[in-house]
Each structure stands twice: as structure tokens, then as C-alpha cells.
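A.B. asks: Put chain B on the given structure of chain A with help from the hints.
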Amino acid sequence: MTFWNNPINFIGNWLTGLLTGWHLPVALATILLYIIGITVLIVFAMTLDIGLVWVERKVVARFQDRLGPNRIGPFGLIQPVADIIKMVIKEDITPAGADKIIYNIAPVLAATSVILLWAILPLASTIYGVDLNVGLLYIVAAGALGTLAIIMAGWSSNNKYALLGAFRMVSNMISYEIPMVIILLIPTILANTMSVQGITQAQSGMWFAILSPLALLIFVISAIAELGRSPFDLNEAESEIVAGFHIEYTGMKFGWFYAGELLHAFTFGGFMAILFFGGYGGFFGLEKLAAFGWLNIPFVQALVFITKAMIGYWVIMWVKYSVPRIRIDHMLAFNWKFLVPLALVVLVNTAVLNKVLIDLPGWLYVLGMFGSNIVIGFITVEILRAHGRKQRSLTPPSPQPLHPSGHMSQGERGV
Amino acid sequence: MQNEWLYIGIFLVIGIIVPVVPLVFARLVAPRKPNSIKQSTYECGIETVGESWVQFKAQYYIFALVFLVFDVESVFLFPWALTLKQLPLFVVLEGILFIGILVTGLVYAWRKGMLEWV
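Chains as they are written, first to last, in my numbering: chain A, 93 to 507; chain B, 1402 to 1519.
Honestly, I wouldn't trust all of these hints.
[To be verified] Footprint (simulated), chain B over chain A, 3 or more residues, beta carbon under 8 angstroms:
no., region
1, 175-183
2, 420-432
[Claimed, not checked] Straight-line C-alpha distance at most 27 angstroms; calculated DSS-like pairs for lysine-lysine:
no., chain 1, residue 1, chain 2, residue 2
3, B, K1513, A, K252
4, B, K1434, A, K192
5, A, K429, A, K412
[Stated by the list, open to error] Not close to chain A: a few residues of chain B, all C-beta gaps over 10 angstroms, as computed:
no., residue
6, G1416
7, E1448
8, Y1509
9, K1513
To be clear, the hints were calculated from the coordinates, so they are not data collected in a lab.
Glycine residues also receive a C-beta, built at the ideal position from the N, C-alpha and C atoms.
Looking at chain A on its own, in the form it has when it is part of the complex (with noise of 0.2 angstroms):
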């Protein structure tokens, strides 16, 4: 074992030394270990979180055809220093109504619900946190932490937005939340565990994108409105009710809930590399060839996990930048009238088919379970056309004229 090939556990194995040679007791210098590695961890989420406004700054500004931060340190890079300056000096204003230790907690929770999850990530095959065996489990108890950190802002700032925002919240959680678990089975099965490492270790031959395309798209679906990003930014939603929850807050605590979402947004590319993508290792393959030896070298592959969560990351600003935001009702209409029943359909056909065809060759189960998810995706595109037939035929094709006295029909208002 040298530094190269498992750097955390031969600096680990040195310090416990030095500790212990200090007569400091094994159980005590394990602690301090932890919490030596665990500081390094959540500082270097932090760092990264810093490089993702800049990241996520210039991509908005080149989507919009601007230039975007460029005027501090070269390309703009330090911009999000003195955005973090301007912010720690800014004025905390707490509105006079407001439930005061709620509405202090909410950022604080909201920045460690996404830290949480940095605890599982792995980097590398050696340079991760802890590995649980619910793995899975733990990324949406996680996330739902995020969700009550925005319930408690918009609950707690006695603000009418806010309180909007909070229970547009809550329809966004009841709406993608089940379609998530369901997708999250899905890696189960086909790994046959619920931990991240053992997932990505069983992605080594062929990516579970592949095996199961579908749940990819459900999955990036359901984690969009999870992180409550355009189109599904409903508790925001800048136009309709300004900032939603976050509209009292000031200084630092907005920073939270701003670097909150970036690193969440990040976090989730990261687990879409991991689920479907392989993770830090995971060429088909390739790296078990003599000749790229060198991808399995943890550095190297830490710098594979963030380049392919950082296209993951894009994904999602991508969908955010181009996309109009969708209406509520017809959000939680998607989601249980499309996104459940396609779901749970995925769901049954992985199961059954992962058990008929894993005792044929692995060409003939790959194809199987790709052309499967062809064929369920052509279903679901026809269904719907039909669907979207019969909907235009009973609608009259000229425009429909405005509601007579002017009001909103009853089900056009919103929450």
C-alpha cells in the first residue's frame, strides 16, 4: 500500500501511529481521525461549492448570450470571493413577525442536508467517506431533510410568499418522491445492493444507463424537482411570488440556501454518474486492460467521478435554462398520471427480465433489457399521442376566447 494507489487509509494508518505513539487511546485517535477526514471532506464540498457559482454564473450568462462575471481576477474566477465578502457584511435582517429560532435554523439545515449526503459519495474506489449498506436510503432521508429546511423557511418568515412557497414545497415533494424511491430500486436490483460503492463496482462491465435507459430519464425528472429547479422551481418562482421561501431572508442565510442548491444540484450529477454512469470507474471495462492501468490510480479516477458529475450538473442546467416553469396542478398531474405509472411498469419489467435473461450470455442481456426499455418508451410515445389526439378533437381549433367576466376558470388558480 503506498500513497498513490490508497492515499486516505496510508495517511490514516501514519497519523494513527503518530497518535498512538503519543499514548493517546486507539478509540480516541479513530475519532480524531474521523473528524480530521470528515473537516478535509466538507471543506473540499465547500471549495468546489464556491468553483460551482462561478460555473453556474458564466453557463447562465453564455445561455442568456452574455458575457457574464468577468471583470474580477482572469475569466471572472474570483467572483464568487467577493460575492461571499459582500454577503458575510451584508445587513441580517430578521422580519419582525417571523418564529426567530425556526427561521435561523432553516438555512443552517438546508446547507446540511446537502453536506449529508457528501458522507457516501464516492470519489474514488478508496477516497470516500463511509459506505453503508443503505446506501440508498440514506440519499433520500438526506434529501428530505432539504425539503423541511424549506417548509420551516417559508413556514417560520410570516411572510404570505413564503408561505406559498412552502406549500408549493410540498406539492413538488408528494409529487416526485415516489417516482424517485421507485427508480432508486431499479439500481438495486440490477446490483443487488442498496451501497453506492457496490453499485458502482457492478457497473464495471456495462452501465446501468444502458440496461435501463428509462429509469435514467425518470431519475433525472424526479431529481430536477427534488432540488426544486426549473421547470419545477415552483417554490421560488421568481414572477408569481418573487423568492418564495427565501424572500425575507438576507446576507449569509440566502447565501446557504444559494450554495445549498448548487452543491445539491452538483450532488445529485454525482449520483447520476454513480447510479447510471459507472461512477469513478466503469469504461466498459477498459480500465482493467493493462494499457489504461492508470485510470484506477484514486486520483485519476476522483477526476473522472467529477468530470462526469459536472456533466450530470450541466444536464440540470441545462433543463433549468431552457425550460418554462410548469403549472402546479399540471406538475403533480405529470407526475402521478405519467411519472408513477411509468415507474412502477419499469420497475416490473427490470425485475422480471433481470431474472429470465441473467443466465444468457451478457450480449443477449444487455440487448434484452435495452430493447425492453425501447419498446416501453414507444408504447409510452404512442399512448400519448393518442392521448394528445383526443384532446385536440374535442377542443374547438380556434383559439378558446377569455372567460367572460375576466376571472381565472377554477382550475387556473393557482396555490
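C.D. replies: Just chain B now, with coordinates in the frame of chain A:
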């Protein structure tokens, strides 16, 4: 890792400390000059009327009820999915029967017109 949950516990504690540090720092360096206008509730320039903590009709409450059922039942599917490889085909089909009961519930709610904006 010798103790996974100890690690998660320490992670939680440090994960709370890290966001608190800049907030404490901001409290030390940021100006604090509160006044009643600054602290009033923001409502696009209009003075706010009445309480915000009122009883409010969440029009999606039936979705929430269906959600509760599905959320609990989907947790039961995890042990089934985890042991799928060792199980005989018969048990796999039993799991699918369970999913079928779930789907029947969804179809029932749908047909009853419950999955609508009320």
C-alpha cells in the same frame, strides 16, 4: 471504516458546525441597525394585512393522502428488490402482485376523479 454510524454522527455534527461558522462571523462583522420599517414583512411595497399563519386550503391534499400510502408501501419493496437474485421466480411474481395491488389503488383513485386539482 470501523464504525459507520459513528462516522455519520460526527459528519452530522461537523456538517452543522460548518454552515454556522460564517453566520456567526457575519454576526460579528455585519452592521446591525434595525428599525420598524426595515423589519416589516415584505409584500412588494404594500403594507401587509393580517396574519400569514392562517388556515389555508391546500388544493392538493388528496394527492398527499395517496402519497402517504405509496410512500409507506414503496419502502416494503426495498427488501424484495435487494434479495431478488436469490429468490425463485415465484416470489418475484408475488412481489409483482404486491405492485399490482398498489397500481389498483392508483387506478381506483384516478377513476374516482381524486387525482384532480380540487
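A.B. asks: If you test the structure against every hint from before, which numbers come out violated?
C.D. replies: Violated hints: 3, 6; rest satisfied.
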